[in-house]
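Listed in order, the protein sequences are those of chains A and B.
Sequence positions in the first sequence follow numbering that gives the first Met the number 0 and run 0 to 352.
Sequence positions in the second sequence follow numbering that gives the first Met the number 0 and run 0 to 278.
Derived by calculation from the structure, the hints in this document are not laboratory data.
All values derive from a computational prediction rather than experimental measurement.
Heads up, the beta-carbon is just placed ideally off N, CA and C, and yes, glycines get one too.
Heads up, some of the hints might be wrong.
Claimed, not checked - Capping the alpha-carbon separation at 30 Å, the derived lysine-lysine pairs in BS3-like fashion look like this:
hint: 1; chain 1: B; residue 1: 276; chain 2: B; residue 2: 226
hint: 2; chain 1: A; residue 1: 315; chain 2: B; residue 2: 1
hint: 3; chain 1: A; residue 1: 226; chain 2: B; residue 2: 268
hint: 4; chain 1: A; residue 1: 96; chain 2: A; residue 2: 10
hint: 5; chain 1: A; residue 1: 88; chain 2: B; residue 2: 1
Claimed, not checked - Listed next, with one range per pair, are the computed distances between beta-carbon atoms:
hint: 6; chain 1: A; residue 1: 265; chain 2: B; residue 2: 165; range: 44 to 52 Å
hint: 7; chain 1: B; residue 1: 213; chain 2: A; residue 2: 65; range: 33 to 41 Å
hint: 8; chain 1: B; residue 1: 21; chain 2: A; residue 2: 91; range: 53 to 61 Å
hint: 9; chain 1: A; residue 1: 245; chain 2: B; residue 2: 165; range: 34 to 42 Å
hint: 10; chain 1: B; residue 1: 160; chain 2: A; residue 2: 65; range: 40 to 48 Å
hint: 11; chain 1: B; residue 1: 215; chain 2: A; residue 2: 348; range: 38 to 46 Å
hint: 12; chain 1: B; residue 1: 269; chain 2: A; residue 2: 288; range: 22 to 30 Å
hint: 13; chain 1: B; residue 1: 214; chain 2: A; residue 2: 118; range: 48 to 56 Å
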Amino acid sequence: MVMGDLKFCPKEGLSRWVEELSREHTVLVPQQAGDAVEFLPFAEGSELSLDRQPTAPPKKSVFPQTETLMRFEYQKDPEHPDRQTLQIKETLPGKEKTVILGCRPCGARGFSVFDPVFGQGEYLDPYYQARREHTVFVSLACRHPENTCFCNWVGGGPADSAGSDVLMLPAGGGYVLRPVTDQGRQIVEVGGFEDASPEQQTEADRLAEEAAENLSPAPELEEVPDKLFELFENLDFWELMAAKCISCGACTYLCPTCYCFNISDEYSGLQGKRIRTWDNCMSNLFTHEASGHNPRPTKAQRLRNRVGHKFSYYPKLHEQVFACCGCGRCIKSCPMSVDIREIVLSAKEYADE
Amino acid sequence: MKNPYLPYPVRISKVEIATEDKTLRTFEFEFLNREDAAAFTYLPGQFAELSIPGFGEAPIGIASSPTEGDHLTFTVSRAGKVTTRLHNMEQGDVMGVRGPLGHPYPLKDMKGKNIVILAGGYAVTTLRSTMIWLLHPENRDNYGEITFIYGARTPGMLLYRETLEEWDQRSDVKTYITIDNEVEGWDKYVGFVPQIADQVSPEPDNAVALICGPPIMIKFTQPVLDKMGWTGDQIIMSLENRMKCGIGICGRCNVGPYYVCKDGPVFTKAQLDELPKEY
Chain A
0 MVMGDLKFCP KEGLSRWVEE LSREHTVLVP QQAGDAVEFL PFAEGSELSL DRQPTAPPKK
60 SVFPQTETLM RFEYQKDPEH PDRQTLQIKE TLPGKEKTVI LGCRPCGARG FSVFDPVFGQ
120 GEYLDPYYQA RREHTVFVSL ACRHPENTCF CNWVGGGPAD SAGSDVLMLP AGGGYVLRPV
180 TDQGRQIVEV GGFEDASPEQ QTEADRLAEE AAENLSPAPE LEEVPDKLFE LFENLDFWEL
240 MAAKCISCGA CTYLCPTCYC FNISDEYSGL QGKRIRTWDN CMSNLFTHEA SGHNPRPTKA
300 QRLRNRVGHK FSYYPKLHEQ VFACCGCGRC IKSCPMSVDI REIVLSAKEY ADE
Chain B
0 MKNPYLPYPV RISKVEIATE DKTLRTFEFE FLNREDAAAF TYLPGQFAEL SIPGFGEAPI
60 GIASSPTEGD HLTFTVSRAG KVTTRLHNME QGDVMGVRGP LGHPYPLKDM KGKNIVILAG
120 GYAVTTLRST MIWLLHPENR DNYGEITFIY GARTPGMLLY RETLEEWDQR SDVKTYITID
180 NEVEGWDKYV GFVPQIADQV SPEPDNAVAL ICGPPIMIKF TQPVLDKMGW TGDQIIMSLE
240 NRMKCGIGIC GRCNVGPYYV CKDGPVFTKA QLDELPKEY
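Next comes chain B alone, as it looks inside the complex (with noise of 0.2 Å):
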């Protein structure tokens, strides 16, 4: 059994500033050791430990999907030590992933339903790699309608612009992006997440939400879902805490005596009711 604790060598191959404010840069990796990333099979919604020797780690929600390829994708805001030095970092730098960690998305359970995505500002991350799974060929047939939601303050700080664009020309998914105030040249949506989803009214039958956003977000939404229907079951969310080993042992992230690390960072809205609000 491998050593949960040993992080795969990766060489960033590719960096990109996510956001107009630059707090936000997106960053590929491929794996050292062809082996390794054969060892490193994930699903939309798990997370890694992003592991730079000599600095830390910081768990970091996986944003490609493994229907990509072999590279890893993560959107990292700079915050602490170890974000702060990935940001100084370039293509062509060593450092490690740790992973992958937690509970992914209930794909398999959410087979024949119909989608609703609400995403809002960079914690869009864990969708997107959802959504470009959702929409692989091999993967789409097996879901009904796909609803997209997606907000941040301004059109500079949408993450994954090109991406975004792309599913607004698809036909077999209605994208609704939108941002807080009307800027001059947008043509899309123009409100909070909360009030866009209260106008495309997703029906809650036979339907599952995945939700990610600022807790703000999550407050102004819960009603509006509530208003349409929607069970707690039927919604899903994802946690952060601090982390550290990221299997259940350091202690640090549990909310009550669930670990975010190992038991979540997925859970459903009706799980969360039941637990201390400890995140």
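If we strip away everything but chain A, and leave its shape as in the complex, we get (with noise of 0.2 Å):
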């Protein structure tokens, strides 16, 4: 770390740099809404709520739960009048810079298990990576981890900057302000704060270190990948694994690593748009065919599917990395109590028997 990169904001001026801040972007901060933390637009006056994890990941920031992919009309033909032709108009997003402020390092870094699949494989896709280009992620270190949070299985931490360009420290009465990435120094100068000092320097790590000693203890996962590609033919242990499970899909919908969509078509009159949204692969009809064959058809092979994604497919295709991020949302809201941590250890312990 360069000498002078590290800045500190004191509590009183976090509101001061946020207000900055959005004058030139769009600013997204946690805010109470209801019984929900969300992610809604920083305005004057808006308080933040940074003492607890957001109700949902920053995902839909980059990730809409609903956008545009194109706008079509059809158009008489003006040279065969009984003719129509097609007009599709691609609708990217712009170019206007987005800064999300307060969410937590697990939230930051669902995007990277996102960035390998949507910008850098043989298909990019240009809604994400205009989005993901334009969007600043600062993230605030956990001090206090909840019993549901296990970052520290999948590789993350409480201070973790996969993902992140600001890590906010929490450290007296303030935050030491770590940039990662250029465009997250570029934050921290909107600010104008004075050097983080050797002392709050020091605090801000070992509160850190405190944060992780909070954490349980992370199992050995290495070969979890492996194992439940084993126990794929094994519909007897996802039967139980699934056996509590309402195929709700509240677990897709809250997962800052979940990123299946769906698309369709709204059409009044000769024009329409197409859209994508996120769906839902515990679905019975996320994989339904027209036919009326169905390759997942029970909520235990699209269990099986899920779990397998995350820690077994994905880690196959991507560098072993497991595709979650650890952040517990699937576990404190599912309303059957499915906990994704219980599937792992089963799949790891039942693969040693």
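Can you join these two chains into the complex? Each is in its own frame, and there are hints to help.
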């Protein structure tokens, strides 16, 4: 770390910094909305809710729940009035910058799982790429992990910087700001902060270490990808794991690393749009074919696919990285108390026998 | 780089009812913009999303061969929302085609080999494309013997009857057209594809087999090929799972870690043996 790179933002200076940022960017910050904490645009007087994990991760800032892929219009062909022509118009997102401030490291880490899928393969997703490029993540390191948190199982941590542009580390009645990327450095500069003192830095590190110690110990998961693959045909195992599941899909919508989507059309008169929306692999309809055939007709097969994707298929395709950031929302929000940690451990132990 | 979600606008230049039960129609499309036709470079075995703005998209194997010119041919079964809409469209109507998608048959690796094609029902579409491509004067000499075995329930359920007749007349391809049961006036083969394959008994030496058909045909053809000594890496198949994006992102056509759209739809039997049965 270059000296002078670390800045200190006193607690009372935070709103001013956010206000300053919101002059030129859309700034989304966690705010109380009913029972939930949501990422909403900062406006004058907005109160930041930073003391608990936001209800949903900032996924929709880069991958909106609904987004228009194109607009279309059927028109009369001027040369042949009895014929139509078709105009298709690309609708890429604008280039204005968005800042997400106050997400947790796990929420930002989710995008490091998305990036190889949307932005580095044979096909590039221009909608995702445009948003990703113009979105800056200022993550708040966690001081008090919840009992559903398991970021340390999957390579993360309370002060993990993967996917973030700036880390805010609580210390001495404020935050030590640690820029991770050049974009992050520019965002920090806007605040005109003083350098963090050595004492503040030491305290930030100490608090981060304490938070890490408060997490349950991480089990060894290296063999899990192969073991899940071995368990594929063992439907008894998967039926047991999925017994409680009601296929509601809360886990998928709240997951920072779930990116399955549907594409559908909306149409009125001679014009309309093609949209993509988040989809839910736990639904029976997800793979239901027009012929009536369904490769994953039971919830056991669907849960197997969801866990398999995160802990076996994705790591096989992307350098052994798990497609899970351990945020624990799927556990916290599951109405039937399905716990993905138990499934992963059961798979590991089952195969061990 | 082109936006992979945008279809090329096309016009339906021809529609034909393809089977006697009228559940299949063959559509020919021409591109509205000439530069799109040039950009749509494909090979047999690939598919495209037939894209009807307002209704949606359906992934369908390409039945034409690039050697036939700029138009595209698809034979489509009426099944869901998009294909039902398509069956109600007429010559002159406009829509979209998005692709080409997926991997073609490994035509390069097949060079110098004998080729056996086994097709059943309307799964023959991309194999029609393959046959047209292989029999093209520029390609024919690069391949050995070609054996084409194709079966349908009745004569009226065979696709591309005229084209089949032409192949039957040619001396550089052994054509076996078969129907399930005897019908008056039928002078070709009678019996299921696996039975005919058993009678023809194609040699596996220096050969590749392309198989597309209903699961029941594949199931009974497999032991016939096994008996003759064919190995998994010589047998090439094509999968169809439900798809949306067609480019390996949206997450529904996966078979374990592989995406049928992006990593397939063409797989060798040896590859499929390693994969979970999730199709």
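Now the hints, each set against the structure:
1. B:276 x B:226: Status holds; Cα separation ~23 Å.
2. A:315 x B:1: It holds: about 28 Å lies between the C-alpha atoms, which stays within 30 Å.
3. A:226 x B:268: holds (24 Å)
4. A:96 x A:10: OK: residue 96 (chain A) and residue 10 (chain A) at ~25 Å, within 30 Å.
5. A:88 x B:1: The given pair, whose Cα atoms are some 13 Å apart, holds under the 30 Å limit.
6. A:265 x B:165: 44 to 52 Å: Because 45 Å falls inside the window, the suggested range holds.
7. B:213 x A:65: 33 to 41 Å: holds (38 Å)
8. B:21 x A:91: 53 to 61 Å: violated (42 Å)
9. A:245 x B:165: 34 to 42 Å: Distance hint for residue 245 (chain A), residue 165 (chain B) is violated at roughly 57 Å.
10. B:160 x A:65: 40 to 48 Å: holds (46 Å)
11. B:215 x A:348: 38 to 46 Å: holds (40 Å)
12. B:269 x A:288: 22 to 30 Å: holds (25 Å)
13. B:214 x A:118: 48 to 56 Å: violated (37 Å)
Taken one by one, the earlier hints fail for this structure at numbers 8, 9, 13, listed in ascending order.
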